[in-house]
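Novice: Residue numbers (our numbering), protein chains in the order written: chain S, 4 to 54; chain H, 16 to 165.
Note that these hints are calculated values from the structure, not bench results.
Be aware that one or more of the hints could be misleading.
[Said to hold, decoys possible] In silico lysine-lysine, DSS-like type, Cα no more than 25 Å apart, as pairs:
#1 K110(H) to K77(H)
#2 K24(S) to K112(H)
#3 K22(H) to K77(H)
#4 K112(H) to K77(H)
#5 K30(S) to K146(H)
#6 K24(S) to K22(H)
#7 K22(H) to K33(H)
#8 K112(H) to K146(H)
#9 K112(H) to K30(S)
#10 K83(H) to K110(H)
#11 K110(H) to K33(H)
#12 K146(H) to K24(S)
#13 K110(H) to K146(H)
#14 K112(H) to K83(H)
#15 K33(H) to K77(H)
#16 K110(H) to K30(S)
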Amino acid sequence: MIEITEFPELAQRYQIYGVPKTVINDKVEFEGAIPEEMFVQQALSAALEED
Amino acid sequence: MPLISPKDQQTLRDLFAKRLQQDVTVTYFTQHDSVLTVPGNECSYCRETHELLDDLQDLSDKLHLEVKDFVRDEAEAQQLGVTRIPAIILSGQNKGKVRFFGVPAGYEFSTLVEDLLTVSSGEPDLRDTTKQALEGLQEDLHIQVFVTPT
Numbered sequence: 004m005i006e007i008t009e010f011p012e013l014a015q016r017y018q019i020y021g022v023p024k025t026v027i028n029d030k031v032e033f034e035g036a037i038p039e040e041m042f043v044q045q046a047l048s049a050a051l052e053e054d
Numbered sequence: 016m017p018l019i020s021p022k023d024q025q026t027l028r029d030l031f032a033k034r035l036q037q038d039v040t041v042t043y044f045t046q047h048d049s050v051l052t053v054p055g056n057e058c059s060y061c062r063e064t065h066e067l068l069d070d071l072q073d074l075s076d077k078l079h080l081e082v083k084d085f086v087r088d089e090a091e092a093q094q095l096g097v098t099r100i101p102a103i104i105l106s107g108q109n110k111g112k113v114r115f116f117g118v119p120a121g122y123e124f125s126t127l128v129e130d131l132l133t134v135s136s137g138e139p140d141l142r143d144t145t146k147q148a149l150e151g152l153q154e155d156l157h158i159q160v161f162v163t164p165t
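Only chain S is shown next, with the shape it has when bound in the complex (with noise of 0.2 Å):
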């Protein structure tokens, strides 16, 4: 968890215009509250990308 508003390079870096948004092994990305499984698609869709 990061508190975005404490640290600005981070929200620049990361480019969000909205919370929560999620960053995953630096390669996926979503804003908002998603279902579970579909959380689990975009962890598992990351991993496969670092391959």
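Guided by the hints, dock chain H onto chain S, whose structure is given.
Specialist: Structure of chain H alone, referenced to chain S:
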């Protein structure tokens, strides 16, 4: 004045008594209080975060607060992936690292409390299908969730 109201303190004390299973260590990285600060390097919420964690620790024997200095304890900070302060790391029965950067205020205070409970049991509140899907994962995932304090 405590940051957590007496009523909330009692609620949390009851919740922790009922649901904290094993001990949890809360490692807090901060900076020394100093009359001199380097411009651009001030830690705006370090003091408040420290007070909040102190208050929280008093609410259960299972919570242990360890306070570290971001500069002096640099090696440990590096090892735990602490790149900025205030930083809070929760260690208990969890396999991964749980880190908070910035003051856990507003809604994020409930996130901290929930995470303390999860880390104390090592049993995340996830569906079986989710656990199965993640079981085959070979590599580490770095998940960052950016929030604001409202």
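Novice: All hints, please: hold or fail.
Specialist: Against the structure, the hints:
1. A threshold of 25 Å between alpha carbons decides the hint, and for K110(H) with K77(H) the separation of about 19 Å falls inside it, so the pair holds.
2. Between K24(S) and K112(H) the alpha-carbon distance is near 19 Å, which keeps this suggested pair within the 25 Å criterion.
3. The straight-line distance between the Cα atoms of K22(H) and K77(H) is roughly 20 Å, inside the 25 Å bound, and the hint therefore holds.
4. Annotation: proposed proximity of K112(H) to K77(H) holds, straight-line Cα distance about 19 Å (limit 25 Å).
5. Between K30(S) and K146(H) the CA atoms are separated by roughly 22 Å; this keeps the pair inside 25 Å, and the hint holds.
6. As the CA atoms of K24(S) and K22(H) are separated by approximately 32 Å, the hinted pair breaks the 25 Å bound.
7. Among the hinted pairs, K22(H) with K33(H) is consistent with the structure: their alpha-carbon atoms are about 17 Å apart, no more than 25 Å.
8. Our distance criterion of 25 Å between C-alpha atoms is met by K112(H) and K146(H), whose separation comes to about 17 Å.
9. Distance restraint check for K112(H) and K30(S): the Cα-Cα separation of roughly 19 Å lies within the 25 Å cut-off, and the hinted pair is therefore satisfied.
10. Between K83(H) and K110(H), the direct Cα distance comes to roughly 22 Å. Compliance with the 25 Å bound is thereby established for this hinted pair.
11. A threshold of 25 Å between alpha carbons decides the hint, and for K110(H) with K33(H) the separation of about 23 Å falls inside it, so the pair holds.
12. Restraint check for K146(H) and K24(S): the C-alpha separation of about 23 Å stays at or below 25 Å, so the hint holds.
13. The straight-line distance between the Cα atoms of K110(H) and K146(H) is roughly 13 Å, inside the 25 Å bound, and the hint therefore holds.
14. This hinted pair checks out: K112(H) and K83(H) have alpha carbons roughly 17 Å apart, not beyond 25 Å.
15. Only pairs whose Cα atoms come within 25 Å are accepted, and K33(H) paired with K77(H) is accepted, the gap being roughly 11 Å.
16. Proposed proximity of K110(H) and K30(S) is supported: the alpha carbons are some 23 Å apart, at most 25 Å.
Of the numbered hints given earlier, the model fails hint 6 alone.
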